Amino acid sequence: MELFRICEDLENMDGLHMIFKIVKGIILLNSAQIFEKIFGEELIMDIIGSLEYDPDVPQVQHYRNFLKEHVVFKEAVPIKNPMVISKIHQAYRVGYLKDVVLARVLDEATVASLNSMIHSNNAIVISLLKDDSTFIQELCARLRSPTTSAESKKNLVYFLREFCSLSKSLQMVQQLQLFRDLINEGIFDIISDALQSQDKKLVLTGTDILILFLNQDPTLLRSHVVRQEGIPLLGLLVKGMITDFGEDMHCQFLEILRSLLDSFSLTGAQRDTIIDIFYDKHLGQLIDVIILSCPSEDVGQSTSNLASSAGRVESQNSTKPEILLNICELLCFCVVHHPYRIKCNFLLNNVIDKILLLTRRREKYLVVAAVRFVRTILSRRDEHLVNHFVKKNLLKPVIDAFVANGNRYNVLNSAVLELFEYIRKENVKLLVGYIVDSFWNQLVKFEYLASVQSLKVKYEQCLENCGTKANVNVSDSRKRIDERALEKEEEDYFNEDSDEDDTSSESRTRKVQSQPVSSDGVAASCPSLSPRSGGLVDYEDDEDDEDYRPPPKKHTETSEDDEGTLETLRLKRKLISREHENEVAYKKQRLGKSSKARDSVFAALCSTLSQAVLPSKKTANAMPLSSQSAEGTKALGEGNHTEKESSSSRSSGKSSSEEDSHREKEPPRNCSDCLHSPSDNRQLSGDDCPLVPPKSSPEMTVNGS
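Take the sequence shown: its letters are residues -13 to 691, numbered as in my numbering.
Hints are computed from structural coordinates only; laboratory data are not their basis.
Treat the hints loosely; a few may be bogus.
With a straight-line cut-off of 27 Å between C-alpha atoms, the simulated BS3-like cross-links for lysine-lysine are [as the list claims (entries may be wrong)]:
no., residue 1, residue 2
1, K382, K329
2, K377, K431
3, K378, K415
Note that the coordinates shown come from a computational prediction; the quantities given were computed from them, not determined experimentally.
When you get a sec, could you build the whole thing from the sequences and use the hints?
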């Protein structure tokens, strides 16, 4: 460096160029020990001076002149520690050397080493100032003092921002402690005063400090806002959001409000208090800005409205589109984070239609912002909001903007088509029907677009599903009835109607009462031609009482105790398998039945046929037939259905001649009609009465087939 001063005095350019190369090579060695030596207070200015004579640059640079004359070190608060001042100067000069003097020649490793040195110096400065309690107290006292000039306050605020910004070089614990010390000194009140300043640059500086606090710990600012003295700060932030700052307009206010209203990171009463303050006092201000900045719906205005509209026109001209965009972004954020509060507010104050006034603006990105707001609300899948959209016809501005956009393939076109696609995929049937029913005449010319066509298809599917659902309900009810219907072949005959013997069976239909259905689904009947034949009795020679399967009796002629016993036995019958029933049937057949019981079967059959074919003789033979029927029923009332069928089949051969002779005496046509009549088709057993098809033989009738 001494040689450099000699060459500079002699204006030896060759020597100065050589010294430049030597100093540059020393710096590129990238040694921390060398950096500490050459960037010290004694040598740093000569080092920068030697770098002014770059042989690749035709003119000599004047770096030292700039550092000495143009760079002014301002002390907003007097710093008494000389080491702090030395580190501040060294950090600045090394940064100047890195960014200006050797910006073209330094490699990445050397740049990283210089940055590390600057970072270390900043940490030392902040740590020393933080430990000096009198320094922070004096700083805040000057900011709060009314005697401090506006220029001094501005410098103090700038220093405070730089002080908080450089604190990021500290460890996390030390940063948090520093910020808490600043809060205890009333830094938020100082920032509130800065936000009310007429100097817009000072206002933005205050927001920068708030963002630094939020990045460090959001609860520090939230805890202040929920207190009574901190409520005005939230109002200042909302006011700053709707204020035009010219070219310096930024989104700091939007970012701060988002952080304060973030429900995912808020807890308990703190969250509720901030949200209540915002919705009760400040949300209306944002909505009013949108209303005043959008053109009225009526193009033509009367002369009486010209004066009142003058203020609105002025507001439209003064409100920048960027402000409206930020408001819309904040409202979308609120919809996601406060669905209940936003729903109540929107439904009560009709906020949605006011925000949709943005669709009348010329700026397409504002129209897209309104569509995005609608999309955000519908994504909540809230039934009340969906009904509100349909009731108030709130999608009309969106559809009108889409139709007015025509065939232009732009962001607005894509945003509306994405909205249609979302409604279709999420199957919001109410909105699908509302859009197609109300706006299809406008959308029909866009049917070539896949999203619009898919929406129409979804609408048609919804209509088909509604009709199918109604049919399914009817078919389900029929299916349930069919499941309860009779399943056996004999029961199919029970459902058949006969048109031939309606007249012949009319008189008997009046006397035969409706029969209940047994537990296994077979229609049971107990025909009684005599008032005294009201019950069924056991066989006298029956040895299997436990397998007794009694038929249901007429309720009018059965006592309560008998009904309970019969119901219990019916339930037991459900548990008896078909194999067991066959075994019991054969067992009883071996034991044998009395001939009187078999004769009673055919006597009852003959009496039934004679009554159907010879109605004129019914009255005369009523008492004999009644006694025979009761006796036959008494004989057959014991045992199950399988036993009766087996017994009848065994005796069918013996009785065939008797049946044939009986049928020869009666008209075949009337006999067939009688057997086909549903009112006379009754089994002779005590349990159920299978129907006899037309042209069937008496043997089939006896067998019950």
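Hints, verified against the model:
no. : hint         : in the structure
1   : K382 to K329 : 20 Å, holds
2   : K377 to K431 : 26 Å, holds
3   : K378 to K415 : 17 Å, holds
In summary, the structure agrees with every hint in the numbered list given earlier.
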